[in-house]
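One letter stands for each residue in the lines below.
Protein chains: 2
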Amino acid sequence: MSFLADTPQGHYYSVIFSSVRSADDGDGYGATAERMVELAREQPGFLGVESVRDADGNGITVSYWDSLESIHRWGANAEHRLAQAEGRARWYESYRLRVCRVEGERRHGRGG
Amino acid sequence: MSFLADTPQGHYYSVIFSSVRSADDGDGYGATAERMVELAREQPGFLGVESVRDADGNGITVSYWDSLESIHRWGANAEHRLAQAEGRARWYESYRLRVCRVEGERRHGRGG
Chain A
-13 MSFLADTPQG HYYSVIFSSV RSADDGDGYG ATAERMVELA REQPGFLGVE
37 SVRDADGNGI TVSYWDSLES IHRWGANAEH RLAQAEGRAR WYESYRLRVC
87 RVEGERRHGR GG
Chain B
-13 MSFLADTPQG HYYSVIFSSV RSADDGDGYG ATAERMVELA REQPGFLGVE
37 SVRDADGNGI TVSYWDSLES IHRWGANAEH RLAQAEGRAR WYESYRLRVC
87 RVEGERRHGR GG
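Chains as they are written, first to last, in this note's numbering: chain A, -13 to 98; chain B, -13 to 98.
Certain hints may be false.
Unchecked claim - Quick partial rundown of chain A residues pointing at chain B, CB under 10 angstroms, derived from the structure:
1. V6
2. M22
3. L54
4. S56
5. N63
6. R74
7. Y78
8. S80
9. E89
10. H94
Unchecked claim - Negatives, chain B to chain A, calculated, CB over 10 angstroms:
11. G(-4)
12. A17
13. R21
14. Q29
15. P30
16. D40
17. D52
18. N63
19. A69
If you are wondering where the hints come from, they were derived from the structure by calculation, not from laboratory data.
All residues carry an ideal CB built from backbone N, CA and C; glycine is no exception.
All chains should be modelled from the sequences, with the hints used to inform the complete structure.
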């Protein structure tokens, strides 16, 4: 599977999650992060995801969705909400979550 | 300086640049990448930038802008256009560049 998400022509939405991990790693972060990507893929309206974290603990995950409704439904998912609470309490020193409307896309090379 | 961009209240715009580096590193990539961030910071309407690349060569850089006009002006900057051409020819196996309107933001912890 390519790193780049194979998003559709026309308008869609993105959630940019930029985060700084806590110095204390905490148990379960990796497994929960993987589980959340797996769970997101099963949600209605999910279009793709791109995620990077570097050795300093800085990360950006961008998920793509067909509508704001799909994003809100995913944000309210019960298992996801438990993970969000644990993230704030233990795993993330700080984060910014930005919901965006994608207005246009340019491509170079293969992906998807 | 924090990893997280200290973006304003209300609407603004983002450019999500997701890329896969070429296997052959090529000279000058690091210096040019740094120079482009420095140059972007000098542009009218620039609000901030967040950037991560992992050891596999996958990267996401998100820059934030006050308007689509500022984004288009930056895209057309002469020095930036030379770097874009070199990036396509030598440094990036593939990329996606998505221009977005930020509709809302949620914060946890400090940043900016």
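> Hints broken by the structure, by number, lowest first?
Replying inline: Checked against the structure, the hints that fail are numbers 2, 4, 5 and 16, while the rest are satisfied.
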